[in-house]
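Student: So you can see what is in the structure, the chains are spelled out below.
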Amino acid sequence: MTPGDEHVHYLRLANGIDLAVLPTGRRSVTAIEMRFLGGYAYERPDRLGVAHILAETMTKGTQRRDGRALNDAFDEIGTSYAVSAARETFVISCVCLPEFVAQAVELLAEMINEPSFPGEACEVAVELARQSLAALEDDPLELAKKCLCQQAYSPPLNRHVYGEPATVERIGREDVVEHWRTYLKPDRLLVSVAGAVDPSAVADLFERLFPATGLNDPVVNASLPLSFPLGFRPGQSHRQKDLEQEQIGVCFPGASAVDEDEAVERVIIGLLSGGMSSRLWQSIREKQGLVYWVGAWFDRPRTGGMIHLGSSCTPQNLEATSEMLLKEVNRLADDVTESEVQRAISGILASAQTHGDVTRAKATRIVNDLFYLGRPIPLEEKLSRIRAVTIGDVRQYLRRHPREQLSIVTVGPRCLKDFR
Amino acid sequence: MAHTRFFQETLANGLIVAVEVMPETRSAACGFLVRAGSRDDPPRLAGMSHFLEHMCFKGNERLTSEDLNIGFDEIGADTNAQTSKDQTFYYSWARCEDLGRQIELLAELMRPSIPAGEFEIEKDVILEEIATYKDDLSALAYDSLYEELCPGHPISRPVLGYEETIRVMTPEDMRDYLGRKYAASNMILIITGNVDPAEVMGLARRYCGSWPSVINKGRDGHPPALRTGATGRIIDRFHQQAVAVAFPSVPTTHALDETAEAVAAILGGSNSRFFWNIHQKGLATRVSVIREEYADFGVIILVGLCEPENAERLLEAMRREAEQLTRDGPEPKEIRRVKNHRRTMLTSESEAPGYRLGQIADDIDYRGSPRTMEERLAEVDAVSADTIATYLRDYPIVGEGFVATIGPRMWLSAK
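Same order as they appear, the protein sequences are chains L and V. Using numbering that gives the first Met the number 0, you'd call the opening residue of the first sequence number 0 and step up by one each time. Using numbering that gives the first Met the number 0, you'd call the opening residue of the second sequence number 0 and step up by one each time.
Where hints are given, some of them may not hold.
[As the list claims (entries may be wrong)] Over 12 angstroms on every C-beta distance to chain L, these chain V residues come out as not near it, computed from the model: (1) V124; (2) R174; (3) R179; (4) G208; (5) T251; (6) H278; (7) E350; (8) E374; (9) Y394.
[Claimed, not checked] When the alpha-carbon atoms are kept at most 25 angstroms apart in a straight line, the in silico DSS-like pairs for lysine-lysine are as follows: (10) V:K84 - L:K286; (11) V:K122 - V:K180; (12) L:K240 - V:K133; (13) V:K84 - V:K122; (14) L:K381 - L:K240; (15) V:K133 - V:K122.
[Unchecked claim] Covered by chain L, per the in silico footprint, the following chain V stretches (three or more residues, Cβ under 8 angstroms): (16) 8-17; (17) 20-33; (18) 130-140.
Treat the hints as calculated values from the structure; they're not laboratory data. Backbone N, C-alpha and C define an ideal beta-carbon position, used for all residues, glycine too.
Let the sequences and hints guide you as you build the complete structure.
Tutor: As structure tokens, then:
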């Protein structure tokens, strides 16, 4: 069986759910990934952090059982689940054995459709969110990412999942209920299921358990955005902090998921930090010993993309590391080699085959297709695009995405004077 | 139960080669487990095992570091290594058609020449890694706990070592250590995935058959005597306080191993007593139970992160939950729920060669052979209220224990 040898069943259910099912035929676990278009980008500006509070409180009880009983019911069938707020989506992930799929989806439906939002749970969630915001100060990497996102991305895509102290303080149970009522509806739901399942049985399940009545409101829904435009704001800032190391974050605009350069960008990220022979790893860590970690990655909201470069180093290496980060990206356009491009392509193709053995990874890939592309895309089609990337494409991409304007953040004991 | 898909052979030089065939997968994972970790570091050279793990990627007389890096990337292998207190594990995961190249490259990693120039550059990388950990409250708390839990014992030293021990290391020190620890008879080669065992054995002989062997005396030393008491360290740049209390637990091959796992899950897993009675009371942003198991001893650690003024309350709350579990025992539904969770987790972990590799490596190192999934699930099934009571009687989690705290506040009574 080749990596692309799979058939995804895709349906738009009568209740509005976009459902994609990948029967694996293999009796291992079944993975369910659910994404409501209602992440923290959708929060009211004066209630930032409410999506996270919703994630924390939704699991604390339904009209039929309290929080412990609900979680016991999941545990009774050995089902692991997680609820979290992402930037544009509200995420529910679940893994269970195939024989428990129906029961797991019934419990998920009960939790999603009939949450009780106990007042005490809401208060505790607000208190814990306040503490988590304070605890961010003990997590330099996450703090640097938060600072860079606030600086470089246009609102509302520049927010942090925990919100801000002033807005979290104001959140009450009614705000949690409002976010849930507005966004957690079947016609804003994308679902993927991977495992030893029957697609039509899964479709029946999601249609039956998520009734449209009373939840979908076409008039209200028409007024709700499905995405947000991504704007880029260049700049440089420093957050003074007593740390052993400096955190460095840099970003600049990249390709969106639907951009024709999307596959080329994946290869470029591979060239920069895909493996042990990649540019950043080699030039900054292996040849100079300036850092322990360095990386490049892309971040893609629904409507756009950003390329990020990041590292941490002791203060005496700050200038050298920062300079090398961008130098390596720019140098790519001049001296990238055919063999490097082929290695980056190999890394992506092999990863599809190795991690393709993981059921959860399959479900995540497919739900991401629904979110970004509106339909599941055959894996082979994606891999073909990667295989087709040439050295010329890489050079052309780097010309088309100039890096004169950057957004740069440092967090640590020393301020970086002049990045360029 | 017969393990129909598992093959194990020991080469003439003592290298154990273990293969698990997973015909339903499309990839293959390979790993070399070296029975050497930070507890084997020479005392004045703490951090040696971990530094050597880095240096193994720096090449030898046949292949430069660049050759190795390019080699792994050409086959798109997901390659890495990790050092713990008693093992160093090198692994790679790639397409099954690249199995031969994977084994060849991994085998080259195990024969490094420790070039002097690369050694000095990598020393700087290690010092950067130590600096990274100094900004991580949880990592500092972990190292601090071990240093005071069994002072003077090799297990007490941090895996990364100390700045001063790293700075004085020389390539000669490392070559000496390499010669003693990276003998074929002190290593295990494990392969999982859609592979042919006969082919694997042939590859193992070709690439590893000439490696030297040594008379394996086993690990020098004795299990640590774990102290009771308390230790605290003020680092006022942190905003949170880490609070941990440790008790002795079972070694890895103990019959109550799976029971210890259940105790940890009932107290500190998802939907656990700690979750509902501590985290959900707003007392700690994170609170859990960590188990550490070695061949000769084990530790169970109740640990949480909280606001500094809540440190005493957090410690009291963790102790209260441990006492209540010991006194009243678990509820039947708690046992059911953690067992069900464990079953799903084990099944999930075993579906991909890259994940299964780790399960098998520990089994072979500690037990001599791997457990099948059916055997592991049977061990989960055997957990009961009785086995939990036995565990809590023989390995109590009440009483003084050893408390460690790090953060902006010193709140322990023995200031």
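Student: Of all the hints numbered above, which does this structure not satisfy? Sort the numbers upward.
Tutor: 1, 6, 7, 10, 14, 16
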